[in-house]
Amino acid sequence: EAGVTQSPTHLIKTRGQQATLRCSPISGHTSVYWYQQALGLGLQFLLWYDEGEERNRGNFPPRFSGRQFPNYSSELNVNALELEDSALYLCASSLRSSGRAQYFGPGTRLTVL
Amino acid sequence: SQQGEEDPQALSIQEGENATMNCSYKTSINNLQWYRQNSGRGLVHLILIRSNEREKHSGRLRVTLDTSKKSSSLLITASRAADTASYFCATAAPYNTDKLIFGTGTRLQVFP
Numbered sequence: 002e003a004g005v006t007q008s009p010t011h012l013i014k015t016r017g018q019q020a021t022l023r024c025s026p027i028s029g030h031t032s033v034y035w036y037q038q039a040l041g042l043g044l045q046f047l048l049w050y051d052e053g054e055e056r057n058r059g060n061f062p063p064r065f066s067g068r069q070f071p072n073y074s075s076e077l078n079v080n081a082l083e084l085e086d087s088a089l090y091l092c093a094s095s096l097r098s099s100g101r102a103q104y105f106g107p108g109t110r111l112t113v114l
Numbered sequence: 002s003q004q005g006e007e008d009p010q011a012l013s014i015q016e017g018e019n020a021t022m023n024c025s026y027k028t029s030i031n032n033l034q035w036y037r038q039n040s041g042r043g044l045v046h047l048i049l050i051r052s053n054e055r056e057k058h059s060g061r062l063r064v065t066l067d068t069s070k071k072s073s074s075l076l077i078t079a080s081r082a083a084d085t086a087s088y089f090c091a092t093a094a095p096y097n098t099d100k101l102i103f104g105t106g107t108r109l110q111v112f113p
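From first to last, the protein sequence lines are chains R and B.
Last residue of the first sequence: number 114 in this note's numbering, and the count goes up by one each step with no gaps.
Last residue of the second sequence: number 113 in this note's numbering, and the count goes up by one each step with no gaps.
What the hints contain is simulated information worked out from the structure, not anything from laboratory work.
C-beta: ideal position from N, C-alpha, C; glycine also.
Take the hints with a grain of salt, since some may be wrong.
[To be verified] Output of the computed footprint for chain B on chain R, the stretches with three or more beta carbons under 8 Å from beta carbons of chain B:
no., stretch
1, 39 to 46
2, 53 to 61
3, 104 to 110
Next comes chain R alone, as it looks inside the complex (with noise of 0.2 Å):
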């Protein structure tokens, strides 16, 4: 069975620039979650999409946005880049279902020069 996936492996922009990544979940996952992972700050949730829905989200400006797909995969948009987006950005899926597992893909490294 495959794991989660995600597209681009590394990303390099420029301040004010978009991003955009893509996550693809193990097949049979609806649930989708985004995470950053920035040098000093941490793993901090991002977003939740649930069949197709915003379920949820961190504490993160509006620039920060998403969408998830009719067949679950999901896409992270971030507008005018800044300096500190530069992170690993994190997707996992899980089954819809409170309280369980997220299985976490390999990540996005995003720079922004």
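Using the hints provided, position chain B relative to the given structure of chain R.
Only chain B this time, still in chain R's reference frame:
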């Protein structure tokens, strides 16, 4: 914001020794999960323990949970060089179970 504090921040041991990591958290939980991360890559789910459980085992891993002290521990027995990684605890609140709050992590180095 970080829910959990992990202790120690770093741990170095020899192969064959046991490694114990501790996690403390602040608010009530539905469950607590432990993850491993190798060198800035994706997280690997290790074990999930629910708030009504006190101990759980998986292979060489043993997790305990003390909700009265708001703490958990992860024990890795007979460690191997391949166990070298960062270990994180993550908590899920009772009414917000899909939002994991991660601890600060313990960096484990196992020397051959």
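Worksheet item: Checking C-beta pairs, does the stretch 39 to 46 of chain R have three or more residues closer than 8 Å to chain B?
Response: holds (count 4)
Worksheet entry | Given coverage of the stretch 104 to 110 of chain R by chain B, checked by CB-CB distance under 8 Å (3 or more) | holds (count 6)
Worksheet item: Holds or violated: the stretch 53 to 61 of chain R covered by chain B, criterion of 3 or more residues with Cβ-Cβ distance under 8 Å?
Response: holds (count 4)
Of the numbered hints listed earlier, not one is contradicted by the structure.
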